[in-house]
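Residue numbering for the sequence shown follows our numbering, beginning at 43 and increasing consecutively.
Simulated from the structure, these hints should not be mistaken for laboratory data.
Note that this is a predicted model, so its numbers are computed, not measured.
Quick reminder that beta carbons are idealized off the backbone N, C-alpha and C, glycines included.
Honestly, I wouldn't trust all of these hints.
As the list claims (entries may be wrong) - Below are the DSBU-like pairs computed for lysine-lysine, each with C-alpha atoms no more than 30 Å apart in a straight line:
no., residue 1, residue 2
1, Lys-150, Lys-57
2, Lys-167, Lys-107
3, Lys-107, Lys-190
4, Lys-150, Lys-167
5, Lys-190, Lys-104
What the hints assert, rightly or not - Here are the computed distance ranges between Cβ atoms for each label pair:
no., residue 1, residue 2, range
6, Trp-71, Val-185, 39 to 47 Å
7, Val-146, Leu-187, 47 to 55 Å
8, Gly-67, Val-90, 30 to 38 Å
9, Arg-179, Trp-71, 37 to 45 Å
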Amino acid sequence: MTIIIQSEDEFANYKQLEYSIPFQGYRRWVAFAYMGVNAIGFAANFWVLYTVAPLLFSATVKVPKSILFYIITLCISDLMIMTGKVTNNYMLLGMLFLIIDIVVGTWKFSTFSCVAYLVFEAMNKFVAPVIVVLISRTCYVTVCLDPKSRRVAASLKVILK
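Model the full assembly from the supplied sequences, consistent with the hints where possible.
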């Protein structure tokens, strides 16, 4: 939204009012719950990356490489919104912004940070279900179809094309 102002004199007699909701009641518990879930999710995603990433490059693994790739992509998308994204030399801490918004009661950051947070949050909400559908499709093909289709479905080359 762009506001065109002819001169600053139009707003000379106005006061800027800010309303801040005190950090109490259910908002406190929501903020603590977000912090707890974020800490658990951060640890769990790093554990999954630590466990699954070496399997992606192993030659003897029985799980299809495409499924491992999807799992790593899902972990990275979760970590992007949880921890941070680097865009235009700004480190945006996604969940930290949301927790501060809950604690303070209003968005205290720039418009750019608000838009960046909402864009990455929306992308993460669309990426996760798509990845789960792709994992389900790969599992179905590897279990139910003939061996040639299994190799094609499990190939990482098919994903990257």
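* To do: Assess, step by step, whether the Cα of Lys-150 is no farther than 30 Å from the Cα of Lys-57, and give holds or violated.
  => 18 Å, holds
* **C-beta pair Arg-179, Trp-71: status relative to the range 37 to 45 Å that was hinted** => 39 Å, holds
* Verify the proposed pairing of Lys-167 with Lys-107, using a straight-line Cα cut of 30 Å. => 24 Å, holds
* Is it true that the CA of Lys-190 sits at most 30 Å from the CA of Lys-104? -> 16 Å, holds
* Asked: Given the hinted pair Lys-107 and Lys-190, is their alpha-carbon gap at most 30 Å?
  -> 15 Å, holds
* **Range hint 30 to 38 Å (beta carbons of Gly-67 and Val-90) holds or violated** => 35 Å, holds
* Asked: Given the hint that Lys-150 pairs with Lys-167, does the C-alpha gap stay at or below 30 Å?
  -> Given pair Lys-150, Lys-167 holds - Cα atoms ~24 Å apart, limit 30 Å.
* Cβ-Cβ distance between Trp-71 and Val-185: within 39 to 47 Å? -> 43 Å, holds
* To do: Hint says 47 to 55 Å; check whether the CB-CB distance for Val-146 and Leu-187 agrees.
  => At roughly 54 Å between Cβ atoms, Leu-187 and Val-146 fall inside 47 to 55 Å, so the hint holds.
Checked against the numbered hints above, the structure violates none of them.
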